[in-house]
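If you want the building blocks of each chain, they are given just below.
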Amino acid sequence: MSANFWTSSHHKQLLEQDKIDVVHPIDKERGLTLEEFKLIKIHMTNHIWKLAQQVKVRQRVIATAVTYFRRVYTRKSLTEYDPRFVAPTCLYLASKAEESTVQARLLVFYIKKMCSDEKYRCEIKDILEMEMKLLEALDYYLVVFHPYRPLLQLLHDAGMPDLTHISWGLVNDTYKMDFILIHPPFIIALACIYIASVLKDKDTTIWFEELRVDMNVVKNIAIEILDFYDFYRVEAVKGMSESSKGISEEKVNAALYKVTPKP
Amino acid sequence: MTDSSSFIEDDSSQSKLVADRYLKRELLGEGTYGVVFKAIDTKTGKVVAIKKIRLGKYKEGVNFTALREIKLLKELKDPNIIELIDAFPHKGNLHLVFEFMESDLEAVIRDRNIVLSPGDIKSYLQMTLKGLAYCHKKWVLHRDMKPNNLLIAGDGQLKLADFGLARLFGSPDRRFTHQVFARWYRAPELLFGTKQYGSGVDVWAAGCIFAELLLRRPFLQGSSDIDQLGKIFAAFGTPKPSQWPDMVYLPDYVEYHFVTAPSIRSLFPMASDDALDLLSRMFTYDPKSRISTQQALEHRYFSSVPAPTKPGLLPRPPPKAESLNEKPLDLNLQCGPVVLSPPRKVRRVMVNHVGFEADSQNVIKGGGNDKEHRVGESGLSSHIPMSMDLEAMFGYTAPRPKLNSVDRSYLKRKLDMDSEFE
Numbered sequence: 001m002s003a004n005f006w007t008s009s010h011h012k013q014l015l016e017q018d019k020i021d022v023v024h025p026i027d028k029e030r031g032l033t034l035e036e037f038k039l040i041k042i043h044m045t046n047h048i049w050k051l052a053q054q055v056k057v058r059q060r061v062i063a064t065a066v067t068y069f070r071r072v073y074t075r076k077s078l079t080e081y082d083p084r085f086v087a088p089t090c091l092y093l094a095s096k097a098e099e100s101t102v103q104a105r106l107l108v109f110y111i112k113k114m115c116s117d118e119k120y121r122c123e124i125k126d127i128l129e130m131e132m133k134l135l136e137a138l139d140y141y142l143v144v145f146h147p148y149r150p151l152l153q154l155l156h157d158a159g160m161p162d163l164t165h166i167s168w169g170l171v172n173d174t175y176k177m178d179f180i181l182i183h184p185p186f187i188i189a190l191a192c193i194y195i196a197s198v199l200k201d202k203d204t205t206i207w208f209e210e211l212r213v214d215m216n217v218v219k220n221i222a223i224e225i226l227d228f229y230d231f232y233r234v235e236a237v238k239g240m241s242e243s244s245k246g247i248s249e250e251k252v253n254a255a256l257y258k259v260t261p262k263p
Numbered sequence: 001m002t003d004s005s006s007f008i009e010d011d012s013s014q015s016k017l018v019a020d021r022y023l024k025r026e027l028l029g030e031g032t033y034g035v036v037f038k039a040i041d042t043k044t045g046k047v048v049a050i051k052k053i054r055l056g057k058y059k060e061g062v063n064f065t066a067l068r069e070i071k072l073l074k075e076l077k078d079p080n081i082i083e084l085i086d087a088f089p090h091k092g093n094l095h096l097v098f099e100f101m102e103s104d105l106e107a108v109i110r111d112r113n114i115v116l117s118p119g120d121i122k123s124y125l126q127m128t129l130k131g132l133a134y135c136h137k138k139w140v141l142h143r144d145m146k147p148n149n150l151l152i153a154g155d156g157q158l159k160l161a162d163f164g165l166a167r168l169f170g171s172p173d174r175r176f177t178h179q180v181f182a183r184w185y186r187a188p189e190l191l192f193g194t195k196q197y198g199s200g201v202d203v204w205a206a207g208c209i210f211a212e213l214l215l216r217r218p219f220l221q222g223s224s225d226i227d228q229l230g231k232i233f234a235a236f237g238t239p240k241p242s243q244w245p246d247m248v249y250l251p252d253y254v255e256y257h258f259v260t261a262p263s264i265r266s267l268f269p270m271a272s273d274d275a276l277d278l279l280s281r282m283f284t285y286d287p288k289s290r291i292s293t294q295q296a297l298e299h300r301y302f303s304s305v306p307a308p309t310k311p312g313l314l315p316r317p318p319p320k321a322e323s324l325n326e327k328p329l330d331l332n333l334q335c336g337p338v339v340l341s342p343p344r345k346v347r348r349v350m351v352n353h354v355g356f357e358a359d360s361q362n363v364i365k366g367g368g369n370d371k372e373h374r375v376g377e378s379g380l381s382s383h384i385p386m387s388m389d390l391e392a393m394f395g396y397t398a399p400r401p402k403l404n405s406v407d408r409s410y411l412k413r414k415l416d417m418d419s420e421f422e
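First to last, the protein sequences are chains A and B.
Here the first sequence is numbered in full-length UniProt numbering, starting from 1 and rising by one per residue.
Here the second sequence is numbered in full-length UniProt numbering, starting from 1 and rising by one per residue.
Isolated chain A, as found in the complex (with noise of 0.2 Å):
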């Protein structure tokens, strides 16, 4: 299976998480806070993916997108880089690196029929300007890989087929965190299994322990996913005025609104 990603680039280029909860300079000069940058990063994890669902693309290509989002703004200023532009440019450059282009003008106009407010709007040319920027951002690495696959294996070893859709969602949602970034792939799969079985009641003890892996690393990964579950719940009580659940959009636009340059 993953055999391969130990020699990866993704693998070379895992961070610790102190490296990636920073706030690039020059949004700190504008006065981010790094809630609100990891909010910004959340926000627009939703924003790729609901318009993912609009052009109908694999779950893989999402997750790609996802990871190369959150990747450049570990190197880049949301300043310099507008998230806005930065995301559907991230799902077009996802689309051609797994293999399943989707048409820039596409994107474009989907995006004017999901967004009321304009500084989401962009145009083909902005996409392909900011394409050229991606990859330099991300220094032509485009190869990722994600916890989709070893999670199917694991649970077929496992012997427990039945904790594949809970767990699936559980490894959506990992990507409104920056998990991607930081540890392999199969270890945020197990990660997964592990929430699936404490909530579905099933003893995995025995097989977790022939695995041979840290558990203490899965269990506190466990531990912050469940965390993220709080904290978002709580940020949509406050979000209330937003009709579907979520974030808070105040919030998330006065973030925005700081690193936005003015005219």
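Simulated from the structure, these hints should not be mistaken for lab results.
C-beta atoms are modelled at their ideal positions from N, C-alpha and C, and glycine is treated no differently.
Be a bit skeptical, because a hint or two may be false.
Here are some of the chain B residues that sit facing chain A, going by a computed Cβ distance under 8 Å [to be verified]: (1) 61; (2) 75; (3) 138; (4) 139.
Computed cross-link-like contacts, DSS-like style, restricted to lysine-lysine with a CA-CA straight-line distance of at most 30 Å [as the list claims (entries may be wrong)]: (5) 133/A <-> 310/B; (6) 77/B <-> 133/A; (7) 59/B <-> 91/B; (8) 74/B <-> 43/B; (9) 176/A <-> 112/A; (10) 251/A <-> 50/A; (11) 130/B <-> 74/B; (12) 59/B <-> 12/A; (13) 52/B <-> 133/A; (14) 46/B <-> 91/B; (15) 12/A <-> 310/B; (16) 195/B <-> 56/A; (17) 231/B <-> 74/B; (18) 19/A <-> 77/B; (19) 91/B <-> 125/A; (20) 76/A <-> 310/B; (21) 262/A <-> 91/B.
Restraint ranges, calculated between C-beta atoms of paired labels, are given here [claimed, not checked]: (22) 223/B <-> 119/A: 42 to 50 Å; (23) 113/A <-> 235/B: 54 to 62 Å; (24) 90/B <-> 21/A: 29 to 37 Å.
Use these hints to put chain B onto chain A, whose structure you have.
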């Protein structure tokens, strides 16, 4: 900058460094997706080839094929795979920087002044398989193996290039297009339209290249897909279902008139037993039982004498520009390439006739300043043909099939639409 500016006094029009690093030199040619020029990397002092990727004016951004090549080459670092040194945008175009390659295997095979000893052939095949084994270990299928995509560096190392058709084959159930490879190198399962294939397709093509090294001409020169299968079956016999159980279920399977195989010895009279054994394993019909690249490298052919020639000692064609100016031997200019074998020589010598084809895939090679190429023995003194190729004797050799633009756009569409798992 001072060093470099003195370097290019004769070239004042292009004295500016590209991307603050590269000193642009002459144009090498037109590539699949843009022009290629030679340059000097002022950071390392090395000669490089820079591919400028044309951007469709506000259409679909960075060329899809180029992007695929970038994506894979960033993951592949091996002595037998072309190195992508750098990539950068310049004046709105993306540029890819590759190590400069002097020649390619097609030029070696075609150069009638070059004599390939069994050790030389072994060395070229070994380097090909090493590069391929590395790709397969990384779950990358090359899908366009042919002699002119095997480039040869100044130090004699052979390197796989042109990954524009390559792709990851991670999940086993993925369906791929079968319209890959130049026809002569296409495995029978592809010709029967399979959508699910694996590294065996590259092994088959490597087998064709092995055969081509031995014969000094393309081995199975089909003129259509149907004819290609006919040529394959004429060489190895029509496969029986017992040999290849899945064959009859392939999408484009048609029954072929049954022919029995001539002995493989008769096809390659000069090859050693070990060479023939390896060859027949690379040409096994059932992809499931075809030898893998790793197994091929462990085959006794590579451990038996003669040892593979060291890359630095391999015969190489003269740099292209020169070879065009001074064709060393103008034998038989009228009647096309002739296959000659001088007596007491265990290999054939081809007399040079045609110039090198300027080829779109070829452009990042050429030029170079290797003066120390060996001029192979010509066998002129007593050119008694021992084995000859009728096609080569009496007519033209069919031009190598390449993906034409229709194929390409078809292929691109297919690749773009490749549905995947889930």
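Taking the hints in turn, this is what the structure says about them:
no.: 1; hint: 61; in the structure: holds (4 Å)
no.: 2; hint: 75; in the structure: holds (5 Å)
no.: 3; hint: 138; in the structure: holds (5 Å)
no.: 4; hint: 139; in the structure: holds (5 Å)
no.: 5; hint: 133/A <-> 310/B; in the structure: violated (43 Å)
no.: 6; hint: 77/B <-> 133/A; in the structure: holds (24 Å)
no.: 7; hint: 59/B <-> 91/B; in the structure: holds (17 Å)
no.: 8; hint: 74/B <-> 43/B; in the structure: holds (20 Å)
no.: 9; hint: 176/A <-> 112/A; in the structure: holds (24 Å)
no.: 10; hint: 251/A <-> 50/A; in the structure: holds (19 Å)
no.: 11; hint: 130/B <-> 74/B; in the structure: holds (18 Å)
no.: 12; hint: 59/B <-> 12/A; in the structure: violated (34 Å)
no.: 13; hint: 52/B <-> 133/A; in the structure: holds (17 Å)
no.: 14; hint: 46/B <-> 91/B; in the structure: holds (24 Å)
no.: 15; hint: 12/A <-> 310/B; in the structure: violated (33 Å)
no.: 16; hint: 195/B <-> 56/A; in the structure: holds (23 Å)
no.: 17; hint: 231/B <-> 74/B; in the structure: violated (38 Å)
no.: 18; hint: 19/A <-> 77/B; in the structure: holds (27 Å)
no.: 19; hint: 91/B <-> 125/A; in the structure: holds (15 Å)
no.: 20; hint: 76/A <-> 310/B; in the structure: violated (47 Å)
no.: 21; hint: 262/A <-> 91/B; in the structure: holds (27 Å)
no.: 22; hint: 223/B <-> 119/A: 42 to 50 Å; in the structure: violated (59 Å)
no.: 23; hint: 113/A <-> 235/B: 54 to 62 Å; in the structure: holds (58 Å)
no.: 24; hint: 90/B <-> 21/A: 29 to 37 Å; in the structure: holds (35 Å)
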